[in-house]
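Sequences listed follow chains A and B, in order.
If you read the first sequence in the working numbering, its first letter stands for residue 1, the second for the next number, and so on.
If you read the second sequence in the working numbering, its first letter stands for residue 1001, the second for the next number, and so on.
FYI, nobody ran anything at the bench for these hints, they're computed from the structure.
Being a predicted model, the structure only gives us computed values, none of them experimental.
All residues carry an ideal CB built from backbone N, CA and C; glycine is no exception.
Watch out, some of these pointers could steer you wrong.
Said to hold, decoys possible - Ranges of calculated distance between the beta carbons of each label pair, as one might list FRET restraints:
| # | chain 1 | residue 1 | chain 2 | residue 2 | range |
| --- | --- | --- | --- | --- | --- |
| 1 | A | Val163 | B | Glu1008 | 21 to 29 Å |
| 2 | A | Ser192 | B | Ser1134 | 55 to 63 Å |
| 3 | A | Lys123 | B | Glu1008 | 16 to 24 Å |
| 4 | B | Glu1151 | A | Val163 | 30 to 38 Å |
| 5 | B | Ser1134 | A | Glu2 | 32 to 40 Å |
| 6 | B | Asn1061 | A | Lys150 | 35 to 43 Å |
| 7 | B | Pro1129 | A | Cys78 | 32 to 40 Å |
| 8 | B | Asp1064 | A | Asp36 | 31 to 39 Å |
| 9 | A | Asp195 | B | Leu1020 | 43 to 51 Å |
| 10 | A | Ala71 | B | Asn1061 | 31 to 39 Å |
| 11 | A | Glu2 | B | Tyr1259 | 23 to 31 Å |
| 12 | B | Leu1020 | A | Gly247 | 14 to 22 Å |
| 13 | A | Gln6 | B | Asp1164 | 30 to 38 Å |
| 14 | B | Lys1013 | A | Thr125 | 55 to 63 Å |
Claimed, not checked - Lysine to aspartate or glutamate pairs mimicking EDC-like chemistry, simulated, CA-CA at most 20 Å apart:
| # | chain 1 | residue 1 | chain 2 | residue 2 |
| --- | --- | --- | --- | --- |
| 15 | A | Lys79 | A | Glu38 |
| 16 | B | Lys1013 | A | Glu141 |
| 17 | B | Lys1249 | A | Glu18 |
| 18 | A | Lys13 | A | Glu38 |
| 19 | A | Lys11 | B | Glu1038 |
| 20 | B | Lys1011 | A | Glu8 |
| 21 | B | Lys1235 | A | Glu8 |
| 22 | B | Lys1005 | A | Glu18 |
| 23 | A | Lys249 | B | Glu1018 |
| 24 | B | Lys1249 | B | Glu1236 |
| 25 | B | Lys1011 | A | Asp195 |
| 26 | B | Lys1050 | B | Asp1073 |
| 27 | B | Lys1235 | A | Asp22 |
| 28 | A | Lys5 | A | Asp36 |
| 29 | A | Lys37 | A | Glu87 |
| 30 | A | Lys4 | B | Glu1232 |
| 31 | A | Lys249 | A | Asp195 |
| 32 | A | Lys249 | B | Asp1022 |
| 33 | A | Lys13 | B | Glu1018 |
| 34 | A | Lys21 | B | Glu1258 |
| 35 | B | Lys1249 | A | Glu151 |
| 36 | A | Lys21 | B | Glu1232 |
| 37 | B | Lys1079 | A | Glu258 |
2 protein chains.
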Amino acid sequence: MEVKKQVEILKIKGGVNEYLKDDVIVEHPFTIFINDKELVTILCTPRDLKELTVGFLFSENYIDDINEIKAMDIGEGCKTINVIVKERTQTLRDKYRGRRTITSGCGKNTSFYNIVDSKTSMKITKRLPISPSSVVQLMGEFNKLSVLFKETGGVHSCGLGRVDGILFYAEDIGRHNALDKVLGSGHLSGLSFEDTLVLSTGRISSEMLIKAAKRKIPLIISRSAPTSLAVELAKELGISLIGFARGNKMNIYNNFSEY
Amino acid sequence: MEVKKQVEILKIKGGVNEYLKDDVIVEHPFTIFINDKELVTILCTPRDLKELTVGFLFSENYIDDINEIKAMDIGEGCKTINVIVKERTQTLRDKYRGRRTITSGCGKNTSFYNIVDSKTSMKITKRLPISPSSVVQLMGEFNKLSVLFKETGGVHSCGLGRVDGILFYAEDIGRHNALDKVLGSGHLSGLSFEDTLVLSTGRISSEMLIKAAKRKIPLIISRSAPTSLAVELAKELGISLIGFARGNKMNIYNNFSEY
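For reference, chain A alone in the conformation it holds in the complex (with noise of 0.2 Å):
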């Protein structure tokens, strides 16, 4: 499915008018179904839906292991997904009931409290140290990935990688959705995260914090700005932060001994 579409723009510069045609980002409502039960509409740019679909329902807690889907059938059009997964608790077909739409900068979630309260038990334990240079690389590398935000201006990116290379990397108009979508490629391909550093152009809150936290990825950098909450809740989890990570600069926001 195309994720940019052409329009045709006035472009005004200095007083001078001019008629052309100018890439827009796609913005895509893609709805997923549970066992043919229709569970939220999540606006997005429409690529990688398999993947955006399973990182998603991960970072839900719908499913806790990429072997309770059994099947995930994409509709005409790429306006629906059915997931087909393994009956489960009555937590689960809870869940099911109502009927909620999340937006491009989500990553919504009903129990999204419930996590941060829990964050004593998801302490991540791992290091993964990494060296100045390695985050000046790794950024290099991931910043010319970004083709459709040179096209549009209208996505944020994530990679997914380990010290020495990306291994996933997605766009999106949501930064949420772009982080679910490089984590769902992980799940898919069966990736332990234990070893793996997740990559953002957008600005770190604590969804994308317990986002990381739910797969034990020890490490995120950004080239944007980290919020209070997600310094406080990188320390507390014992994820190594690196925030404004642009050109040979980056702010480091804990674990300091390892640099």
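Guided by the hints, dock chain B onto chain A, whose structure is given.
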């Protein structure tokens, strides 16, 4: 309440390590109750919380007249607000059910797609022509107000104004929250929105269009990119959409004849 927090960071630049104090933006969980029943938790920047509440309740169709609100009481530590509203329809009470958490990027909405579906009834017919030089001037004024972004790099800004100047301004970790804040200010001051415009630093996705359309706001200007769905909705709803408004440049997406 403090909207930024000083944390110790290790700044690395070209191989030189420096420990210093830096400001990060506060991410604050804020729970809205209606008539003592929990409605939603929003992750936000803890400033203009009454305005955020009012804007959110209008955006999500919990109220459609400011006079429905009899009182608003902010709890200790600004963690909660209890909004006393006049008893209304079953529709409203139905919405009380369940508990949702809304993260920083979101103006989340169970009824979102109902609104998209009913867009023909929301068509805006009153125009608000603006000259390119007024756009440049407004965005210049708007950018000067962005103090928290300069300090933390972690917020989006929104303005609500008229062609000749900005009336309300807000910053928040979430671009939807920032918009709800200025819209809430408008509602609280009894503003008629029909000759107002929205200014934003953030990308314009469909939810931003819909929030504006609900108030009959005829013009949105952003320094960032719109999505395809935002462009389509702008055309269908009759809202003028200007993106990439930076310096003396801008991209116009519809209503070309006005420029």
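**Message:** Next pair to validate is lysine 37/A with glutamate 87/A; report whether the Cα-Cα distance is within 20 Å.
**Reply:** holds, 13 Å
**Asked** Between lysine 1013/B and threonine 125/A, does the beta-carbon spacing fit 55 to 63 Å?
**Response** violated, 30 Å
**Asked** That 43 to 51 Å hint for aspartate 195/A and leucine 1020/B (C-beta), does it hold up?
**Response** violated, 30 Å
**Request:** Would you check the hint for lysine 21/A and glutamate 1258/B, treating anything up to 20 Å between C-alpha atoms as holding?
**Result:** Distance ~19 Å between lysine 21/A and glutamate 1258/B Cα, so the pair holds.
**Given pair status - glutamate 1018/B, lysine 249/A, alpha carbons within 20 Å** = OK: lysine 249/A and glutamate 1018/B at ~11 Å, within 20 Å.
**Asked** Does the Cβ-Cβ separation between asparagine 1061/B and lysine 150/A fall within 35 to 43 Å?
**Response** Holds, since asparagine 1061/B and lysine 150/A (Cβ atoms, about 38 Å apart) stay within the stated range.
**Message:** Against the 20 Å threshold, does the CA-CA distance of lysine 1005/B and glutamate 18/A hold or violate the hint?
**Reply:** violated, 45 Å
**Request:** Starting from the hint 55 to 63 Å, judge whether the C-beta atoms of serine 192/A and serine 1134/B obey it.
**Result:** 56 Å Cβ-Cβ, so the 55 to 63 Å window holds.
**Asked** Using the C-beta atoms of glutamine 6/A and aspartate 1164/B, is the stated range 30 to 38 Å upheld?
**Response** holds, 35 Å
**Item:** 20 Å Cα cutoff - pair lysine 13/A, glutamate 1018/B
**Value:** Given pair lysine 13/A, glutamate 1018/B is violated - Cα atoms ~42 Å apart, limit 20 Å.
**Asked** Does glutamate 258/A lie within 20 Å of lysine 1079/B when you go C-alpha to C-alpha?
**Response** Distance ~36 Å between lysine 1079/B and glutamate 258/A Cα, so the pair is violated.
**Asked** Using the C-beta atoms of glutamate 2/A and tyrosine 1259/B, is the stated range 23 to 31 Å upheld?
**Response** At 28 Å between Cβs, range holds.
The structure is inconsistent with the numbered hints 9, 14, 18, 19, 20, 22, 24, 25, 28, 31, 33 and 37, although it conforms to all the rest.
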